[in-house]
Amino acid sequence: MTIPTKRPRLPPAALHRSDRPAVRRLPIAVMLAPAVIALVLLFGGGLAGAVRQSLHPTIDGAGPLDLSAWTAVLGDPTFADALWFSLRTALAATGLSAAAAVAIAVALRRQAALPRFLVALPVPVPHLLVATVAVAWLGPGGLAERALGALPIQLVRDRAGLGIVLVYLYKETPFLVLLLLASMGAELTRREEAAAVLGATGWQRLRWVVWPTIRAPLATGSLIVAAFVLGAFEVPMAVGPSYPPTLATYAAEQPQLDLVAGQAKAAAALLVAAAASIALAAAAVRLSRDRAPCLSVAGLALCLRPVGLSTVGAGA
Amino acid sequence: MTATALAALFAAPLAVLPVQAVADAWRAPALLPQRLGARGLHAAITGQAGSALGNSLAVAAATTALALLLGWPAARALGGRRLRCLTPVLVLLAMPLLVPAYATGTGLAEWFVRLGLSGGRLGLVLAHLTVVLPYVVLILATGFGERLQELEEMARTVGLGTPRRLALVTLPTVRPTLAAAGLLGFLVSWSQYGLSLAVGSGLPMLPLVLLPFIRSDPQIAAALALLFLAPALATLAIAARASRHQR
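Residue numbers (the numbering used here), protein chains in the order written: chain A, 1 to 316; chain B, 1 to 247.
Derived by calculation from the structure, the hints in this document are not laboratory data. This structure is a prediction, so every number in the text was calculated from the model and none was measured. Accuracy of the hints is not assured; some may be wrong.
[Stated by the list, open to error] Residues from chain A that face chain B, not an exhaustive set, calculated with beta carbons under 10 angstroms:
1) G95
2) F117
3) L151
4) L259
[Unchecked claim] Just the calculated beta-carbon pair ranges, DEER-fashion:
5) D217/B with T189/A: 24 to 34 angstroms
6) Q48/B with I37/A: 45 to 55 angstroms
7) Q48/B with G75/A: 19 to 29 angstroms
[What the hints assert, rightly or not] Computed far set for chain A versus chain B, every beta-carbon distance over 10 angstroms:
8) I59
9) G61
10) P122
11) G185
12) P241
13) A281
14) A283
Ideal Cβ positions, reconstructed from N, Cα and C, are used throughout, including at glycine.
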């Protein structure tokens with residue numbers, strides 16, 4: 001009897017999934033455990049710590065539960081101004097960036113690599129650096145004022161927050177453009193050509209072919225932008241007005257204004273910002289007409305792929 | 001042509017930084033500096049700014065490494081599966097990106113003070129991990145699809161053991177994704193302001209040191225901003241090379 005040196009060749013039908021030589025894997029729960037435990041401890045712990053802090057308005061954070069920090073913050077007219085100012089800035093910055101991004105993406109989609117690379121340049125640049133550049137160009141005595149004599153309106157540290165919106169517009173438009181360009185692949189071009197063959201006009205193609213394709217990535221990207229603008233405070237600190245503050249700068253001021261309950265008030269204000277971000281996220285999920293929120297979160301995951309890879313591939 | 005002009009509009013404003021960084025005197029209304037010098041660059045790499053540079057580099061590198069280590073198995077579990085089944089995990093990953101970092105940081109600072117982690121690099125690494133880990137997992141997961149599983153199964157069929165499979169099949173296949181995840185993770189930590197302010201209790205970090213100079217001394221601010229920009233430029237350069245290499 002001869003020993004076969006080769007495995008017997010099986011007919012294709014016999015190669016069921018279970019018969020394949022599967023690479024041994026750990027159970028999914030074990031694989032997820034390190035990241036999930038780290039996030040639950042750090043993020044969950046952080047939120048729990050903020051809630052705890054907001055309920056103990058004392059110097060050492062001890063003592064009985066006390067809602068006075070919450071009532072003080074919610075009844076503070078400065079806080080109301082800060083909330084309104086933050087929401088307004090976030091919505092203006094996000095709306096303008098999204099509109100500009102759609103226009104630029106449509107203009108750039110058939111362009112060569114160089115314009116795409118130039119547009120992508122601000123994406124990896126830190127926000128604070130964009131604020132530095134904005135002050136150098138648009139601030140009092142800045143380059144724009146020197147070149148033009150005088151600016152028609154004050155842009156940096158103005159009460160309306162135009163400087164903040166401009167910085168975010170410059171920083172976030174390219175981010176959204178990258179997301180949109182990544183979703184405008186060859187497949188979209190083919191569908192547009194098909195629509196053109198069927199007699200669709202340019203506007204009809206944009207409305208019925210391009211827009212449905214880019215709507216989901218645009219919504220997810222805008223959500224990331226809005227949430228960031230709502231909670232970040234390096235940009236308002238650098239180019240924003242001294243009044244009104246944003247939610248984050250309001251929170252940062254509290255410990256200096258009130259040595260005893262300041263930390264608790266800061267935590268309460270920040271939790272309102274967190275709640276506003278989550279509410280915006282829920283609204284965006286609704287607006288993008290995804291029934292299940294998980295689809296949108298999955299969309300976030302897919303959107304991040306182009307961010308990573310096309311930031312990276314932008315130089316090609 | 002219009003497109004290039006449009007694109008230049010985004011790239012051009014950054015050009016002011018290298019000029020301002022070496023402008024020892026640049027008074028209005030002059031459009032060019034009156035005197036050039038290295039005062040800003042010197043201030044940016046010595047004293048508090050110098051230690052901030054070291055801290056920021058160390059924290060960003062350690063956070064990224066830790067996030068890749070913890071995120072790799074989770075990304076393997078998420079990649080190539082129907083994402084819908086794992087909604088709670090995805091929500092957990094998305095939440096730290098939506099909630100303001102300063103809010104999480106304020107709460108973390110509360111615990112870190114008790115644990116003795118406040119004001120140290122370890123505390124900052126753990127705090128930054130809250131935002132870096134979700135990015136790293138979500139990006140890595142896009143690289144672990146069915147194609148990789150098929151390649152690994154082929155490698156196993158021809159008799160490669162686990163270490164060689166990892167070295168010869170898995171790592172080369174996911175290298176672009178791994179690089180993207182690592183670079184983005186590094187940048188997220190590098191430019192993080194809110195968490196560093198909340199948890200660092202005064203430990204100098206580059207963004208924290210840069211902010212006051214924007215109002216007080218634009219030259220030092222510009223020099224620090226150039227240092228701050230370096231990893232972003234390196235990212236673009238590496239990216240450009242990697243994508244050429246791939247073709």
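Hints, verified against the model:
A distance limit of 10 angstroms between C-beta atoms decides the matter here; for G95/A the minimum to chain B is near 18 angstroms, and the interface restraint is violated. At a threshold of 10 angstroms, the smallest CB-CB gap from F117/A to chain B is about 8 angstroms, leaving the interface hint in force. Of the supplied interface hints, the one on L151/A is violated, with its beta-carbon coming no nearer than about 13 angstroms to a beta-carbon of chain B, more than 10 angstroms. Contact between L259/A and chain B, as hinted, is not supported at the beta carbon level, the nearest pair being about 16 angstroms apart and thus beyond 10 angstroms.
Distance hint for D217/B and T189/A: a CB-CB separation of about 51 angstroms, inconsistent with the stated range 24 to 34 angstroms. Here the CB-CB span from Q48/B to I37/A is close to 36 angstroms, at odds with the stated 45 to 55 angstroms. Range check, Q48/B to G75/A: Cβ separation about 40 angstroms, and the 19 to 29 angstroms hint is violated. At roughly 13 angstroms, the least C-beta separation between I59/A and chain B is larger than 10 angstroms, which holds for a residue marked as non-interface.
Distance to chain B contradicts G61/A as a non-interface residue, since its nearest Cβ pair spans about 7 angstroms, not more than 10 angstroms. Non-interface call for P122/A relative to chain B: violated, since the shortest CB-CB distance, roughly 6 angstroms, does not exceed 10 angstroms. With a closest Cβ-Cβ approach of about 15 angstroms to chain B, G185/A is found to remain outside the 10 angstroms limit, as its non-interface label requires. At roughly 13 angstroms, the least C-beta separation between P241/A and chain B is larger than 10 angstroms, which holds for a residue marked as non-interface.
Separation of A281/A from chain B is inadequate, the least Cβ-Cβ distance of about 5 angstroms not exceeding the 10 angstroms criterion. No Cβ of chain B comes within 10 angstroms of the Cβ of A283/A; the nearest lies about 12 angstroms off, and the non-interface call holds.
Hint compliance for this structure: hints 1, 3, 4, 5, 6, 7, 9, 10 and 13 are broken, all remaining hints hold.
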